[in-house]
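*Asks:* Which chain is which? The protein sequence lines are A and B, in order. Position one of the first sequence corresponds to residue 1039 (the working numbering), numbered consecutively onward. Position one of the second sequence corresponds to residue 204 (the working numbering), numbered consecutively onward.
Treat each hint with caution, since some may be false.
[As the list claims (entries may be wrong)] EDC-like cross-link-like pairs, simulated, lysine to aspartate or glutamate; straight-line CA separation at most 20 Å:
| no. | chain 1 | residue 1 | chain 2 | residue 2 |
| --- | --- | --- | --- | --- |
| 1 | B | Lys328 | A | Glu1377 |
| 2 | A | Lys1371 | B | Asp348 |
| 3 | B | Lys392 | B | Glu232 |
| 4 | B | Lys392 | B | Glu426 |
| 5 | A | Lys1367 | B | Asp348 |
| 6 | B | Lys234 | B | Glu397 |
| 7 | B | Lys392 | B | Asp417 |
| 8 | B | Lys234 | B | Glu209 |
| 9 | A | Lys1211 | A | Asp1137 |
No lab work stands behind these hints, which were simulated from the structure alone.
What follows is the residue order along each chain.
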Amino acid sequence: MTADRTPWIVYALVLAAGIVAPLLFPGYTTQIALLWLMILFALTWDIVGGQMGYNSLGNIFFFGAGMYISAVVQVGMFTDVGAYTSARGGEQLVLGYADYFLSLFAGMGLAAIGCVLFAIVLGWVLLGLRGPYFAIGTLGMALSARELAGTWDYIGAGTGIAMPVYPGLPHEKSVVFYIFLFILAILTFISVRWLYSTRFGLAINAIRDDEEKAEAMGVHTARHKIVAWSVSAFFLGMSGAVFGNIIGFVEPQEVAFPATTFGIFMVVMSLLGGKGTLWGPVIGATLFHVIKEATWTYMLGWQWVALGVLIVVNVVFFQQGILGWVQEKWPEKFGLIVEEDPAEELASGEAAQ
Amino acid sequence: MSSVIEVRSVSKSFGGVQANHDISVEVAEGKITGLIGPNGSGKTTLFNSIVGYHAIDSGSITFEGREISNLRVPQIARLGMLRTFQQTRIYGNMNCVKNMLISVPHRKAAFTDMFRPYRAEMTDKAGHLLEFVGLYAKRNLLAGDLSFGQQKLLEFAMALMNEPTVLLLDEPTAGINPTLINGLIDRLKRANTEFGITLFVIEHNMRVIMNMADTVYCLAHGEMLASGPPEEIQNDQRVIDAYLGAH
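Just chain A, same shape as in the assembly (with noise of 0.2 Å):
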């Protein structure tokens, strides 16, 4: 129940830069609709990495499932799945500007659903571990989502399964989704800043302080942890719809369940912009998404080094993050004061004696 305090022209600047960035980069709307994406997964990791202490390595498990619910309900609007798979990609699926958005939206509406019935049944199980045994079961989770994916016929197996065709031109094309991207990422931001100012907030900072004591007073324990996770899935789900659809065709080892690069990096993000703070994922978001960019476009071949160095001084120097630092630098900047009332003092001093 943290009192947001951000000034409100923080939010008019960000609001004003993802209006304007794409109109004067226009060569790089896609590279910037990425960062919003960067940022959704930053936001929806921290819900229960960092504000409820549950270290998930599988969260991107609903990001892909979310990507092939969508896949299947946009496909299956229009034609029998099994057989437009089994084609192996030969078959493209071409749709007018009404049916495309229709079953877009179809497919992102029952994509966010879907993963919110898996958060809810796979938390029953998997939220009832612990620590590391919570990270190393999440990471499980989605790795043998990856395999199951691979091996089932019906939506494409190892080969996939191809998106429909976009109706229009290809820039129209990237700055619509730009725009979901975007859109996507604010009401995140929204929905966790209300989240965090109401007593779910509190409960679930409680769980990650003293999971046990919370239960001791009463807490409903599994109800928060289940709804944290469920909130992280829908927004996850629904961004993986609006991915898949972006690169049009689904598969499952480098577009839905990517376990090494997005779902690592959703992680590194937040610790890197400081765990479970409002702005922390999406400052560390931004950093990490100028930082990769960069170091793809000047120092290829050593990319990966170069994250790695910036993920292991991160984890050594600086594990409270950026936020986390500026915190402990200037705690009285977040409210961390001692507020004497003499009179009260006084009272509460005479009563100890």
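Since chain A is already given, all that's left is putting chain B on it; use the hints.
*Replies:* For chain B alone, kept in the frame of chain A given last:
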């Protein structure tokens, strides 16, 4: 006078260690009941059994007439029976006010309540209780930055915030300096008289427990050694022997 907690012939062993053997305890409603005994005599085990931290081997535990030995920790807590820990436990990365707010009673919490903000009277109550334990000035500090004694006071205030019927306190004065102890005894007594909370207290400090308790139970080697009013226990040769090692 009725009993709010009734423990009937409870036994609990961990492997070959018989931590509790055939223990029966009655905690009288609205009173302060003490539980003493040398280290390793099974006091905390008995507390853990009562609050549902582990299953008991045999016997029965009732709370307000209801069997609770088969319930889990959060369920028992929501019935209105709360415990504090020997190693003080607070939410270290949250400030004191938040520590208090999350401790509001969860008895009637509906599913949708988690999406509501806290009502103003809850924040007020948190402030009053922090004032009651003398932590009001530090209410915006992270609980983890408080001293150990202050954390104990905060944990006590959090327990009061939960409006329990019964409060089980595991060594409330351990590690607190003697000056603060007097203040704490005073507050424990006020919690009992003013808020009507039944207290069940484990304590090693004899001066404290003999001052506060209406009835005292003494455990030794996992068995009930003696019980009765403080004066009687103080003069019981078996109790004295147990503490001095003659038992």
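*Asks:* Run every hint past the structure and note whether it holds.
*Replies:* Comparing the hints with the structure gives:
no.: 1; hint: Lys328(B) <-> Glu1377(A); result: holds (18 Å)
no.: 2; hint: Lys1371(A) <-> Asp348(B); result: holds (17 Å)
no.: 3; hint: Lys392(B) <-> Glu232(B); result: holds (14 Å)
no.: 4; hint: Lys392(B) <-> Glu426(B); result: violated (28 Å)
no.: 5; hint: Lys1367(A) <-> Asp348(B); result: holds (15 Å)
no.: 6; hint: Lys234(B) <-> Glu397(B); result: holds (12 Å)
no.: 7; hint: Lys392(B) <-> Asp417(B); result: holds (11 Å)
no.: 8; hint: Lys234(B) <-> Glu209(B); result: holds (14 Å)
no.: 9; hint: Lys1211(A) <-> Asp1137(A); result: holds (15 Å)
Hint check: a violation occurs at hint 4 only; the rest are consistent with the structure.
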